[in-house]
Amino acid sequence: MTDKSLDDRALHFSGVASRLRRLDASILLWLALIAVLAFLVLNPILRLIISSLQETDTGHFTFANYRVAYGNIRHLQALVNSLELGIGVALLATLFAVPIAWAISRTDMPGKAFVRLMVFAAFVTPPYLGAIGWILLAGPNSGWLNKVWMALTGAEHGIFNIYSMTGLILVVAVTSFPYTFVFTSSALDLVSSEMEDAANILGARTLRTTLRITLPLVTPAIIGGIIISFLEAIALFGAPALIALPARFNVVSTQLWQFFEYPVRVEEAAAYAMPLLAITVLMFWLQRSLLGRKGYTSVTGKGGERRMIALGPWRWVMLGYALFVCALSVFLPMVVLLQAAFAKAWGRGFSLDNLTFHNFYYLLVEQTQAKQTILNTFVYSAVTAFAAISLTLAIAYVVSRKLVPWSNVLAFLCVAPFVVPGIVLAIGFYAAYASPPLALYGTATILILGFTTRFLPIAYTSSAAGLRSINPEMEEAVRILGGGRLLAIRKVLIPLLKKSLAGAWILVFIPATRELSAAIFLVGPNTRVISVMLFDLSEEGNFEVLSALGVILLIATVAIAAIGSKMIGRDFMLRRD
Amino acid sequence: MSRLKLSGVSKRYGDFFAVDTIDLELQSGEFVSLLGPSGCGKTTTLRMIAGFVDPTAGIIEMDGQVLSSPAGSVPPDRRQMSMIFQSYAIWPNMTVQQNVAFGLELRRMPNAEVKRRVGEMLEVVHMNHLADRYPAELSGGQQQRVALARAIVIRPSVLLLDEPLSNLDATLREEMRFEIRRLHDEFRVTTVYVTHDQAEAMVTSDRIAVMNHGRIDQVDHPRALYNKPKTRFVAGFIGRTNFIEGTSDGHEISFDGFALPRSAFGRDVPSQGKAVFSVRPHSMRLSDVPPTARDGCTSVAVIVLERAFLGEHWDYVVKPREGALTLKVTTSPLDDFPIGAPAWLEFEPRQMASIA
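Respectively, the protein sequence lines represent chains Y and W.
In terms of the numbering used here, the first sequence opens at residue 1 and continues consecutively.
In terms of the numbering used here, the second sequence opens at residue 1 and continues consecutively.
It is worth saying that the hints were derived from the structure and are not from the lab.
Any given hint could be a false lead.
Okay, derived cross-link-like pairs now, DSS-like style, lysine-lysine, Cα gap no bigger than 30 Å in a straight line [unchecked claim]: (1) Y:Lys498 / Y:Lys402; (2) W:Lys115 / Y:Lys491; (3) Y:Lys402 / W:Lys5; (4) Y:Lys498 / W:Lys319; (5) W:Lys274 / W:Lys228; (6) Y:Lys402 / Y:Lys499.
Between beta-carbon pairs, the in silico distance windows are [as the list claims (entries may be wrong)]: (7) Y:Phe412 / W:Asn128: 47 to 55 Å; (8) Y:Ile50 / W:Thr21: 51 to 59 Å; (9) Y:Gly484 / W:Gln86: 21 to 29 Å; (10) Y:Ala382 / W:Asp54: 52 to 60 Å.
Idealized CB from N, CA, C, for every residue including glycine.
All chains, full assembly: derive it from the sequences and hints.
Have a look at this one:
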């Protein structure tokens, strides 16, 4: 019944020799993967630390960089400003996010789907576009809100000034509150209504139950959200550069950028970046240990039954609040951005004779550099997404099938860039690869490598999640019927993973198209990307063309996100793994 | 020569023996079940036979050639076996037809031949009308049939089944038991079947290997396993039973409250000292008048302690007048004995298994 020759062939594969061969192959594979990861992740971070301790010209060991970086009161003030910004944003974002998350997850507030969509919109809006919207809204005197105020009251001056710490906190908070929202609502979704019923039956009413039972149950998730929005705020470059610089104050990220103005002082920048790196690592560790505590957040595994709390007339109050937050984060900035994009001069207001398509024509046709920039952005992002997904899929496969020893090291290196702020990573890349022997400065390669590293954690999480969803028996069924591992991967694994790989690709592609903080240090004259161009346009004060470019970026994003959610399911970007 | 032979096979994870020095031989065309509670090592054993797991000691041979040894193993794709997985592992990206054809195509069979064999095989499992469906459009039982077809169509040297029915509902499970046995009778593929369900093992198997804590306690035909369990574990795992302990003085074996003549038992019962017996609840007879003495049977006066009517039978708990021993007895639905009533319990020593 069996094929005799196959059995004989099989025999040649038994014995010690084959075992050694297999072990050899797996070690080679491991070495190859670890080499790639060392190049992408380890070396830039090590070089960052090393160069912070080196003299610029000689490379001798020194602490001088730290003395320069911290020996200046303005530099220290920037550190304090960053802390103030982070704390302010974290608190304001919580104030925005938690009530909305509660209303959506646990009450009968109307319009939930719409509010969710708007939170999603806030999530995909790059913070620097939000900042530009808010400059148009609340620039001193000329901003729309100020004009409305002056028209209503007859006052001489507007009352809003976006060029202030308060303004900056508001702008960053309205774009980063979705993080806290996602954390809180997914925790709330797990709290069984029985928890609340138990309090109700003992005589507690809705408000008391919510404050004493429901919210305390999800406190770790809320704190997790606070930590994330704090870290997001201190690592941000775009919005602070657009708002803090004209307001004549610095935060850490803008200060770091100034170290890169001529003459470039990488070593001092590296030294100055250390607190940012240290705080981020520390906070992520804190967040992990908070959310990792069992039996608190993930209250009941099955989630139990959830009934929506009837709010009565209060549900309209909740909806009003949710719409207010959406207005701050999406409606208002988007309306003025759109107006400016289609205006000859944005200050002339909403009238037909002010309407023009010239801004788009200028970007897409007239200005060759702009065309190149737009093309660069999408090509680099596509290549980045492809590279990151391929690499992390290979690693996730090797890790999940335990094909090599010490596979956890590979997994760790993949997610390590998560705790490195983009701006710090970019400085590390600059220190490691800008100068000879590789001399990659100003090339597309260094941008793509930097982006790939930056988004490695997202790519790895998605790849690993995709692989986990596929029963290994699917592959084993191929093996036992006589197919090799590669055949199993080609015929079964990849076809089954198609969807989740497409999703992962989009999850990397979209943030790559708007990445500014890593790009700003790595672009050269021929490798500019949209985010950098936006930034330059804002320095020129050319808000009409800038808005048009922002609209192009947003349309591309929305289109791709729409395709993604059609293919992979709604809200795929707001999922938390 | 036996088709498949496991000699002293062990699998150790650290200090823990998942499989502990097992020996098992299958003749060509034989259907053997590995039966045991979860964690007993049966699936690990199966995966070692398949080649997904390497043993840490011992060897696995097929037709006299070594497949697995601690020094190295033939990879699963070169063993000419096939396997049915707990999840079925039907590839959702391929149709029923493509799933079943996969193994044949790997064997470089001409297309026409592949088509013919797939068609025949689907006919056998009553799935030919669904050949172009995708797995997501099939019910659990239908997926199960595809898995069977896919595994059998290549005429494997050994067919391995890993709890294949555990994801089906009770009725379907019962139906598929007979289906699996029918396919085995038709194709006579040497088969190793892993299950924790004794009924499944007894319906399908020629022999059953009962596993416990990584060891094989007993390998036997289903009837022998039931009637002559060798260990307490086997007796308790397969069917319900009473364990009673007696002491033999060479002439009589005395239990708590009654005694049975030594001569009524077989030679495997020690003539001196302690002996433990497994007595099935329905191998004893309960009656309200002293039964006429039958050859080799002994009656003991008992009292009914508890009872439950289960429709198809009565479950009684009785106790000999003297002594504290309690015994579970199963009787026909017509045998109605009120609680507290005196009755007579008839033992048949031939049906009492002496266990180690």
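What are the numbers of the hints the structure violates, in ascending order?
The structure conflicts with hints 4, 10, although it agrees with all the remaining ones.
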